[in-house]
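Novice: Numbering that gives the first Met the number 0 numbers the first residue of the sequence shown as 0 and each following residue consecutively.
Errors might be hidden in some of the hints.
Stated by the list, open to error - Pairs of lysine-lysine residues, derived as DSBU-like cross-links and limited to a Cα-Cα distance of at most 30 Å, are as follows:
#, residue 1, residue 2
1, K6, K19
2, K37, K6
3, K32, K19
4, K19, K37
5, K6, K32
Hints were generated in silico from the structure; no laboratory data involved.
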Amino acid sequence: MAPVTVKRVLISESVDPCCKTILQENGIEVTEKQQMTKEELIAEIQVTEWRPPKQQQ
């Protein structure tokens, strides 16, 4: 099984702030949105899934 490269993460529940920091320090784009309805979560995943990655400088 080939390794997976994670580029973006959606945090939809409350987690320790260090989790977001660790992800960002390792080059992962983090979006935090909590208390979403099922419909909002589905919409956010679809937007996140199809959005082109940010250009690295």
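Novice: It remains to establish, for every hint, whether it holds in the given structure.
Specialist: Outcome of the hint check:
{"no.": "1", "hint": "K6 x K19", "in the structure": "13 Å, holds"}
{"no.": "2", "hint": "K37 x K6", "in the structure": "23 Å, holds"}
{"no.": "3", "hint": "K32 x K19", "in the structure": "12 Å, holds"}
{"no.": "4", "hint": "K19 x K37", "in the structure": "23 Å, holds"}
{"no.": "5", "hint": "K6 x K32", "in the structure": "17 Å, holds"}
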